[in-house]
Each structure stands twice: as structure tokens, then as C-alpha cells.
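Colleague: Chains as they are written, first to last, in the working numbering: chain A, 1 to 209; chain B, 1 to 203.
It is possible that some hints are incorrect.
[To be verified] Footprint (simulated), chain B over chain A, 3 or more residues, beta carbon under 8 Å:
hint, segment
1, 41 to 50
2, 145 to 156
[What the hints assert, rightly or not] Where chain A lies over chain B, by a calculated footprint (3+ residues, C-beta under 8 Å):
hint, segment
3, 100 to 106
4, 183 to 195
[Said to hold, decoys possible] Facing chain B, according to a computed beta carbon distance under 10 Å, are these residues of chain A, among others:
hint, residue
5, Leu-8
6, Glu-32
7, Glu-34
8, Leu-91
9, Phe-92
10, Gln-93
11, Pro-162
Hints are computed from structural coordinates only; laboratory data are not their basis. Every residue gets a Cβ at the ideal spot worked out from N, C-alpha and C, and that includes glycine.
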Amino acid sequence: MHISEGILPAMVLVSGWAVTVLIAGATLRKVEGEDLPKMALLTSVFFVASLIHVPIGPVSVHLILNGLVGVILGYGAYPSILLGLALQAILFQHGGVAVIGVNAVIMGTPAVLAYWIFGLRHVLPVRHGNVFFGFAAGASATVLSGVLLSLFLRSAGEAFIPVAKLALAAHIPVMLIEGVVTASAVSYLARVKPEALARQRSPIRVTRN
Amino acid sequence: MIFKGHLKKGFISVLFCMLVMGFPSPARAHSVHVSAFVQGDTCFVEGYFNRSMKAQGALVEVFDPEGQKLLEGRTDDHGSFSFKIPKQSGLRMTLTTSMGHKNELTLSTEQIRAGSVDEKHQAYSHGKMITEAEPQKTDCIHPDQMHDLLDQSLDEKLRPLYAMVARLEQKDGISAIQVIGGIGYIAGLFGLALYIASRKKQG
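Given only the sequences and the hints, what does the whole structure look like? Please build it.
Modeller: Next comes the structure, spelled out in C-alpha cells:
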């Protein structure tokens with residue numbers, strides 16, 4: 001899901017950075033000191049996940065795990081993913097430094113979305129809510145990343161619909177894997193260490209007895 | 001909490017330092033890689049994601065040192081594309097795949113010359129191609145023909161080897177050290193942030 005350097009116009013790169021700085025600043029306000037070790041762990045997970053390649057046809061597809069990061073870290077996922085991307089760009093040459101802003105938008109905002117989706121388990125009474133919403137969060141984060149990727153590539157002159165179709169089709173297996181990984185990780189954590197999951201501090205929180 | 005502001009400042013300054021440190025390193029693009037080598041008057045380009053996955057149908061564009069586009073084409077099912085070198089200057093090639101992957105490679109004039117046969121010899125083989133040469137009545141082969149035959153068969157035999165060397169030159173693999181180093185960075189940076197956070201909390 002990384003966009004390389006030299007593809008997007010400079011204006012888009014700059015706006016990507018601007019949006020990322022804004023979101024990272026806003027989300028960092030929500031980070032508490034006690035969340036930091038958890039953030040470190042999940043940043044490492046995100047950092048390494050991109051090395052797990054899923055061989056599908058002519059495109060390079062790898063795990064993203066931004067949904068999982070979002071569900072466990074909540075808003076802290078955005079700065080966490082930003083740091084992970086910066087390290088991937090510097091150490092692995094994935095993406096490139098100038099594109100970190102755009103790539104953070106592509107992978108970070110779906111993480112926050114995953115957090116919100118996972119929060120719905122408090123609102124909608126579904127059996128095995130953790131598994132259901134965990135899967136939904138992991139899978140939809142991948143889908144949104146694909147859509148955002150296609151939108152950005154559109155600014156580089158590529159037609160939106162074909163690229164989006166390709167990006168989504170190539171990521172269907174990744175989407176399923178991410179959904180399953182997120183659902184199993186989350187349901188395990190909910191049983192063993194529920195406080196490890198991101199606290200839902202959004203207005204959608206309702207008490208469920 | 002009081003330390004949140006400091007936490008943010010710390011995070012931003014750490015990120016800024018990393019970017020400044022990261023900039024001087026050649027920021028090559030994402031995990032699509034391109035390698036190329038020259039044999040005779042032909043340049044062979046290969047695009048690949050990793051050892052087993054080739055970049056199929058990727059757009060290859062070739063530019064001269066002045067940045068003027070000389071030609072373009074697409075890689076085949078094996079991720080390969082070859083073209084006759086239009087002029088003996090350095091060449092810059094970019095390889096673009098769908099979904100925003102791009103990388104580039106520059107071949108210097110020396111690299112191109114080293115791969116091609118010398119001009120005198122080239123003139124000979126252009127004038128009289130071996131394949132078109134009439135069967136000689138005598139049993140002995142002309143030394144020049146011998147040279148050409150050897151060249152041709154060696155070129156074909158050595159092509160996979162050339163491709164391998166060209167790939168190795170790229171040094172694109174990710175080593176365990178980079179991964180461990182990255183995790184070390186993360187641990188260190190968050191450790192630092194925790195330290196700052198705890199100090200602010202105490203003070």
C-alpha cells in the first residue's frame with residue numbers, strides 16, 4: 001500500500017504531510033503516558049508486518065495490520081503508524097521519505113476508522129461481538145487503505161476505477177487475513193487482558209450490562 | 001495531564017531528527033526493484049519485487065542523461081524487457097508498476113561500453129552477420145567468424161549470470177540487521193518518550 005517517490009505531484013506530497021501533521025498532532029493529544037509501551041509494541045508489529053508478503057499475481061502485496069493497530073491503540077495508532085512508516089522508508093526504502101505524509105494518511109486514517117468500528121460492539125448487540133467487530137475492523141481498514149491509495153494515484157493521472165478495482169482485488173486475501181488476525185487477537189485479548197484494548201472514549205460509548 | 005505537551009514536542013522532535021538523518025541517504029523507492037545489463041548492442045532490463053516475484057507488465061521508460069525520453073515499453077511475463085541501445089551515452093531507466101510502485105536505475109556510459117563489443121568488431125559483424133554468412137567451402141573457419149560464434153553462444157549462456165550479477169549489484173534485500181535495528185529504534189524512541197513522560201509526572 002506504499003506509494004513510491006516520484007509518482008505523485010509535489011502539491012499532493014505537501015498536502016499529505018500537512019494532513020498527517022494535523023492528524024498526528026490531534027491524535028497525540030489523546031495518548032496517555034501509560035499507553036507508550038503498548039504503542040512501542042504495536043509500532044514494531046506494524047513495522048515488521050510489511051515484510052510478510054502475500055504472493056498474488058503481478059502485484060506486490062503484504063500485510064498492513066493497520067486495523068489491528070487501530071483496535072488496540074485507538075487514536076494512538078496514527079502517530080504509531082507514522083513512526084513505523086518513517087522507519088520503513090529509511091531502513092527498507094519502502095515508499096520514500098517525501099511520501100511518508102501521504103502513506104500515513106493511506107494507512108493511518110483506516111486505523112482510526114477500525115477503532116471506531118470496533119467501538120460499535122458497545123452499541124450494537126451482536127453475538128460474539130469481539131470476533132465480529134474485530135474482523136470488520138481489520139478487513140475494512142484494508143479496504144479503506146485501498147480506496148485512499150487509488151484516490152491518491154488519481155492525482156498522479158491514473159484512472160480511479162481501474163486502479164481501485166486492481167488494488168481492492170489484489171487485497172482481498174490480505175483483507176481476509178487481516179480480518180482473521182485482528183478478530184483472533186482481539187477476542188483473545190478481550191478474554192485474557194481486556195484492558196489492553198483501546199478504551200472507547202468516543203461519544204458512541206454506551207454502558208452495556 | 002501536564003506531560004502531554006512535552007510528550008508531543010518530544011515525539012515531533014524525534015521524528016524530525018530521524019527525517020533529517022534519513023534525507024542524505026539515497027531515498028530509493030518502494031520494494032519494486034530494477035536491474036539491467038548490457039550485452040552487445042542490447043540492454044536487458046528486469047523488474048522484480050523479490051527473488052521469486054517479477055514485475056509483469058510494468059512500464060519501462062528510458063531517458064538519456066539530458067532527461068529526454070528515448071523509448072518506452074512494458075515488461076513481459078518474466079518481468080524482462082530488452083531494447084537496442086539507441087545511443088552510446090548513459091541511460092536512465094524508470095520502471096513503474098500499477099498501484100504506485102516505481103524505481104529507477106542509471107547505467108553509465110562506461111557500463112554500456114563494457115558490455116558492448118568493440119566498435120571495430122561491431123562493424124565487422126554488422127557488415128557480415130554470421131547467420132547470413134554463406135557456407136564456406138573450406139573446412140577452416142575464419143578467426144573473425146570464430147570470434148563471433150563464441151561471442152554469440154557465450155552471450156546466451158551467460159545471460160542468466162549477467163542478470164544475477166545485475167540484481168546483486170542492486171543490494172535491495174532487507175537484512176535481519178535492518179529489521180532488528182528498526183525494532184531497536186522503536187524501543188529506544190518509546191523508552192525515551194516514557195522517560196520524559198515519567199519525569200514530567202514526577203516533577
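Colleague: Each hint: holds or not?
Modeller: Status of the hints after comparison with the structure:
A stretch counts as covered by a chain when three or more of its residues have a beta carbon under 8 Å from one of that chain; for the segment 41 to 50 of chain A and chain B the count is 4, and the coverage holds. By the rule of at least three residues with a Cβ nearer than 8 Å to a Cβ of chain B, the coverage given for the segment 145 to 156 of chain A holds, with 4 such residues. Interface restraint, the segment 100 to 106 of chain B with chain A: holds (5 residues with C-beta to C-beta distance below 8 Å; minimum three). Requiring three or more residues with a Cβ within less than 8 Å of a Cβ of chain A, the coverage given for the segment 183 to 195 of chain B holds, as 9 such residues are present.
The restraint placing Leu-8/A at the interface with chain B holds, with a minimum CB-CB distance near 8 Å, inside the 10 Å limit. Given hint, Glu-32/A at the interface with chain B, holds; its Cβ is 7 Å from that chain's nearest Cβ, closer than 10 Å. For the restraint placing Glu-34/A at the interface with chain B, the shortest Cβ-Cβ distance is roughly 9 Å, inside the 10 Å limit, so the hint holds. A least Cβ separation of about 5 Å between Leu-91/A and chain B falls short of the 10 Å threshold, and the interface hint therefore holds.
Contact between Phe-92/A and chain B, as hinted, is supported at the beta carbon level, the nearest pair being about 5 Å apart and thus within 10 Å. Using the Cβ-Cβ criterion of 10 Å, the hint placing Gln-93/A at the interface with chain B is satisfied: the shortest such distance is roughly 5 Å. With 10 Å as the threshold, the beta carbon of Pro-162/A comes within range of chain B, its nearest partner Cβ sitting at about 8 Å, so the hint holds.
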